[in-house]
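**Student:** Sequence:
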Amino acid sequence: MNKINPIAITMGDPSGIGTEITLKAWKSGKIKQPFFLIHDLEFVNSVARKMKIDIPLIRIEDPSQAHNLYKKSLPIYQLSSIKKTQLGKPKKQNAKLIIESINLALNFVKKNKASAIVTNPIAKNIINYHIKNFRGHTEYLAAKTRSKNFSMMLINKKIKVIPLTIHIALKDVSKSINKNNLSEALKSINKSLKEDFKIKRPKILVTGLNPHAGEDGQIGQEEKKIIEPTINNLRKNMHVYGPISADTAFTQKNLKTYDAVLCMYHDQALIPIKTIDFYNTINFTAGLNIIRTSPDHGTGFDIAAKFIANENSLAEAIKMAEQIVKNRNSIK
Numbered sequence: 349m350n351k352i353n354p355i356a357i358t359m360g361d362p363s364g365i366g367t368e369i370t371l372k373a374w375k376s377g378k379i380k381q382p383f384f385l386i387h388d389l390e391f392v393n394s395v396a397r398k399m400k401i402d403i404p405l406i407r408i409e410d411p412s413q414a415h416n417l418y419k420k421s422l423p424i425y426q427l428s429s430i431k432k433t434q435l436g437k438p439k440k441q442n443a444k445l446i447i448e449s450i451n452l453a454l455n456f457v458k459k460n461k462a463s464a465i466v467t468n469p470i471a472k473n474i475i476n477y478h479i480k481n482f483r484g485h486t487e488y489l490a491a492k493t494r495s496k497n498f499s500m501m502l503i504n505k506k507i508k509v510i511p512l513t514i515h516i517a518l519k520d521v522s523k524s525i526n527k528n529n530l531s532e533a534l535k536s537i538n539k540s541l542k543e544d545f546k547i548k549r550p551k552i553l554v555t556g557l558n559p560h561a562g563e564d565g566q567i568g569q570e571e572k573k574i575i576e577p578t579i580n581n582l583r584k585n586m587h588v589y590g591p592i593s594a595d596t597a598f599t600q601k602n603l604k605t606y607d608a609v610l611c612m613y614h615d616q617a618l619i620p621i622k623t624i625d626f627y628n629t630i631n632f633t634a635g636l637n638i639i640r641t642s643p644d645h646g647t648g649f650d651i652a653a654k655f656i657a658n659e660n661s662l663a664e665a666i667k668m669a670e671q672i673v674k675n676r677n678s679i680k
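Just so we're aligned: the sequence shown equals residues 349 to 680 in the working numbering.
These are calculated hints, taken from the structure and not from any lab test.
Cβ coordinates follow ideal geometry from the N, Cα and C atoms, glycine included.
One thing to keep in mind: the hints can contain errors.
[Said to hold, decoys possible] Listed below are the simulated PhoX-like cross-link pairs for lysine-lysine, each with C-alpha atoms no more than 20 angstroms apart in a straight line:
1) Lys-496 to Lys-527
2) Lys-539 to Lys-527
3) Lys-542 to Lys-674
4) Lys-380 to Lys-674
5) Lys-546 to Lys-505
6) Lys-372 to Lys-351
7) Lys-548 to Lys-505
8) Lys-372 to Lys-667
9) Lys-548 to Lys-506
10) Lys-546 to Lys-667
11) Lys-519 to Lys-573
12) Lys-542 to Lys-667
13) Lys-542 to Lys-604
14) Lys-440 to Lys-378
15) Lys-506 to Lys-604
16) Lys-622 to Lys-667
17) Lys-398 to Lys-654
18) Lys-351 to Lys-667
19) Lys-420 to Lys-380
20) Lys-506 to Lys-622
21) Lys-375 to Lys-667
22) Lys-351 to Lys-459
23) Lys-539 to Lys-674
24) Lys-480 to Lys-492
25) Lys-380 to Lys-461
26) Lys-440 to Lys-420
27) Lys-667 to Lys-419
[Claimed, not checked] Between beta-carbon pairs, the in silico distance windows are:
28) Asn-602 to His-478: 39 to 45 angstroms
29) Pro-404 to Lys-527: 51 to 57 angstroms
30) Asp-410 to Asn-580: 30 to 36 angstroms
31) Asn-637 to Ile-479: 20 to 26 angstroms
32) Ser-524 to Asn-460: 35 to 41 angstroms
33) Gln-426 to Asn-637: 50 to 56 angstroms
34) Asn-416 to Pro-577: 53 to 59 angstroms
35) Asn-526 to Lys-459: 36 to 42 angstroms
36) Gly-484 to Gln-566: 31 to 37 angstroms
37) Lys-459 to Ser-524: 34 to 40 angstroms
All chains, full assembly: derive it from the sequences and hints.
**Tutor:** Below, the structure is given as structure tokens:
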């Protein structure tokens, strides 16, 4: 197989831990696939000095240069200068640059100069100063790539979980669940498991919305009227099971039996997977025509100036992006 293009790493919020964990990930030597960081070189260098680590940084004009430079230095694609920014103190003035970093990464992938995007953490409230009603990387990249059927898939070595509804208030979850979006999500997950992860016969478990999966309609009707009929309809073409009470979905037996679990809302999915393995869980946006992963944690403003952040999730996100690129290329 021909070598794949370098992976583009976005800046994230420069006041957070994104710069630190990227430097640590490169320094670890665990990532063999070349990647480059879209950032301000001087700012990255200043963070490296504060961390008291020696990392050679080199400015590149084109992502292709990363292949030859990566082993001895961390390639940086230069953004505009980041001014008067302190670690741990986010600034609304940086919102435009943060989005510019994401857009550059996306354009490099579209032009076949980068193979995938790995996004460093951002704060939605900061981006909202530049883009009103910004809901997150997942929704932003889906809109940019005109992807309608996409899913936020959280992954570690034990399990893959997907929340059907993502960044919405809990009071809005029930009315946001319907047969159509549930069916489309399951089809997208099944396709991704086959193409992105090379699982020939994926088994997907679906949780209920209500306690005890509704207790046959005694605690809510969503399971009987929406979830169960949708699952039954899809069983002709895929291996999908449920609805199961969310409090028993993540038993050791189920972790070994099923390839993915579709949950009804954000915390129903993220609490168990982060409990199982917080530092090595990553986020993958399934259903996009580009490949995007990210660490499964936030900006860490509270620890950004302490340099104690764990880089494992970012490192795993880069390695997962590389593997998905190879898997997708193998079916072309």
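**Student:** So which of the earlier hints does this model not fit?
**Tutor:** 6, 14, 26, 30 and 33
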